[in-house]
Amino acid sequence: MTADIAAILAIDGIATGAVYALVAIGTVLIFTVTRVIFIPFGDIAAFTALTLAALDAKQLPGTVGLVVVLACMATIMDVVSLARAGELRSVPKAVLGYLVLPLIVVGIVWLTMRFNPPMPVRIVLALLLIMPISPLLDRIVFRPIADASVLLLLTVSVALHFALVGLGLLFFGPEGVRTEPLTSMAIEIAGVHVSGQTVLILTAALVFSGLLFAFFDFTLIGKALRATALNRTGARLMGIRPARAGTIAYLLGSLMAGVSGVLIAPVNTIFYDSGFLLGLKAFVGAIIGGMTSYPGAALGAFGVGLLESFASFQSSTLKDVIVFSLLIPVLLWRSLASQHSEEEVEE
Amino acid sequence: MTQMLSVENVSVAYGKVEAVRNVSLSVEQGQIVTVIGPNGAGKTTLLMAAIGLLKSTGRMVFQGADLARIDVEGRVERGLCLVPEKRELFADMSVADNLLLGTYSLRDRSTTRKSLDDVFDRFPRLKERSKQAAGTLSGGERQMLALGRALMAKPKLLVLDEPSLGLAPLIVREIFRTIASLRSLGVSVLLVEQNARAALETADYGYVLETGEIIQSGPADTLIHDPKLIAAYLGGH
Numbered sequence: 001m002t003a004d005i006a007a008i009l010a011i012d013g014i015a016t017g018a019v020y021a022l023v024a025i026g027t028v029l030i031f032t033v034t035r036v037i038f039i040p041f042g043d044i045a046a047f048t049a050l051t052l053a054a055l056d057a058k059q060l061p062g063t064v065g066l067v068v069v070l071a072c073m074a075t076i077m078d079v080v081s082l083a084r085a086g087e088l089r090s091v092p093k094a095v096l097g098y099l100v101l102p103l104i105v106v107g108i109v110w111l112t113m114r115f116n117p118p119m120p121v122r123i124v125l126a127l128l129l130i131m132p133i134s135p136l137l138d139r140i141v142f143r144p145i146a147d148a149s150v151l152l153l154l155t156v157s158v159a160l161h162f163a164l165v166g167l168g169l170l171f172f173g174p175e176g177v178r179t180e181p182l183t184s185m186a187i188e189i190a191g192v193h194v195s196g197q198t199v200l201i202l203t204a205a206l207v208f209s210g211l212l213f214a215f216f217d218f219t220l221i222g223k224a225l226r227a228t229a230l231n232r233t234g235a236r237l238m239g240i241r242p243a244r245a246g247t248i249a250y251l252l253g254s255l256m257a258g259v260s261g262v263l264i265a266p267v268n269t270i271f272y273d274s275g276f277l278l279g280l281k282a283f284v285g286a287i288i289g290g291m292t293s294y295p296g297a298a299l300g301a302f303g304v305g306l307l308e309s310f311a312s313f314q315s316s317t318l319k320d321v322i323v324f325s326l327l328i329p330v331l332l333w334r335s336l337a338s339q340h341s342e343e344e345v346e347e
Numbered sequence: 001m002t003q004m005l006s007v008e009n010v011s012v013a014y015g016k017v018e019a020v021r022n023v024s025l026s027v028e029q030g031q032i033v034t035v036i037g038p039n040g041a042g043k044t045t046l047l048m049a050a051i052g053l054l055k056s057t058g059r060m061v062f063q064g065a066d067l068a069r070i071d072v073e074g075r076v077e078r079g080l081c082l083v084p085e086k087r088e089l090f091a092d093m094s095v096a097d098n099l100l101l102g103t104y105s106l107r108d109r110s111t112t113r114k115s116l117d118d119v120f121d122r123f124p125r126l127k128e129r130s131k132q133a134a135g136t137l138s139g140g141e142r143q144m145l146a147l148g149r150a151l152m153a154k155p156k157l158l159v160l161d162e163p164s165l166g167l168a169p170l171i172v173r174e175i176f177r178t179i180a181s182l183r184s185l186g187v188s189v190l191l192v193e194q195n196a197r198a199a200l201e202t203a204d205y206g207y208v209l210e211t212g213e214i215i216q217s218g219p220a221d222t223l224i225h226d227p228k229l230i231a232a233y234l235g236g237h
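Going down the list, the protein sequences come from chains F and L.
Position 28 of the first sequence, counting from 1, maps to 28 under the numbering used here, and the rest follow consecutively.
Position 128 of the second sequence, counting from 1, maps to 128 under the numbering used here, and the rest follow consecutively.
Next comes chain F alone, as it looks inside the complex:
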């Protein structure tokens, strides 16, 4: 391997790592706030790419149907559980949050589509459409078992991923898509060709993780999310509802996953089931970071991206094997280095 090739591989790895980092940060966010290891994040990213491709082709994206179905299910479940608890006064609020708001988003997309919006608007529309999905899934799937063990939540999360892949096939069809490149620019850094797409991926990863940290540091809601992650009981005693914090965490996490979906869509061909590997590799990154640290997860994700890039040069058929084999020494090291698990801290 020459230095030139190494530089190209490194740049490629960093770009891939940046995409994983966005998803990994979302995974850590959801895990710390709700204790759910949200495996379907990769699917959310893939669905964003598919949504954007449909919008590019001036078709109504399958996401619209998905959101409407999930919104109806979540609303029915919430209204039924409120009625059982005898809290009929809260029903209008539930209908507003779980039905009206998602439908408004769908309406906005449907209306805007008629005016052939430019690329940036289409990206915003795709992100808007994707953001309600995880909070709705949270309401339907995870809220009824919110107090279950981390292991049970993970098991359900894996099952949910497979359900989502099926729904993806139903709503998006089997065709793969690749969206228009966001930019055709290219620059040279020290004699190495760097595509505009790579620069864009890195910038987006930095901007969105920066925004997330600013949100955590400067807003009371952001602090409330961190507080819930650190100490659930303490947060409840401040009047912070874990379910509410969870919804916000899912919204923000979906935004991160959605952005990563937009960024990879022009580079990779995305199918309805492409999300799994993306989500899994981001998860490996998050595990390297210990599942609770944002910088750790981001660094881990960059590590995974770099390893994958060099591994695919050595042996492209074995690249996934190499990446996932990394997990074994990392888990060994993690379990030896840390004295207690997250679950013990919880109680």
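Calculated from the structure, these hints are not laboratory results.
Here are the computed lysine to any residue pairs in the SDA-like style, where the Cα-Cα straight-line distance is at most 20 Å: (1) L:K55 to F:I145; (2) L:K55 to F:A85; (3) F:K58 to F:V124.
Quick list of simulated restraints, FRET-style, between CB atoms: (4) L:N9 to F:A83: 24 to 34 Å; (5) F:D217 to L:A231: 51 to 61 Å; (6) F:F215 to L:T136: 18 to 28 Å; (7) F:F215 to L:A133: 18 to 28 Å; (8) L:G74 to F:V95: 19 to 29 Å; (9) L:L185 to F:R244: 25 to 35 Å; (10) F:F215 to L:S110: 17 to 27 Å; (11) L:K16 to F:G107: 49 to 59 Å.
A few chain F residues facing chain L, derived, Cβ under 8 Å: (12) L220; (13) N231; (14) G234; (15) G239; (16) I240; (17) R241.
Cβ coordinates follow ideal geometry from the N, Cα and C atoms, glycine included.
Following the hints, complete the assembly by docking chain L onto the known chain F.
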């Protein structure tokens, strides 16, 4: 006097074991009420039920509202705030952020700045350490922070679980001075303590809880001179 909190025939069970049996007590507006009793009498259990972290039977009314259908967060929003025995601080967050989170339940946060200054006036140590992580504080400072955080929520009834536990005598005195001064703010207090003498010296009214039942109650200055209590909890005179 208007009633702040009334607890009527409340029982709490862990599985088949009843930790609290048929307890009734009440806290009037502006009053400091203490529940004393030995370790394991069910004092903390009673408070956990009052804030809604544990399920209970019986009736609890806070400012005229039945608490049965109101969750923990709803009780906090109504001004019923607990400072738990374990403090439950946000260890990795700064002292200032911990205090700010106290205002989460308030609708109107325009007075946050003033509340923060008030807490810093009350506990200058917290001001010195406002940028430090809460986890790095000493035991006494943690209790000050837990109290300050609860005060940021502008509570109507402050429920304190063993505020003096594990603290040096000098700091215990400071904490009790603070509790006594809450009277002038119009905050009612329900105080659970093992340090029976200090609790009765501060409180207006007292209840004695033993093995889950109230065995005695009365004005604090009567209880403090009760020979039986002196023998059992107050360690002679």
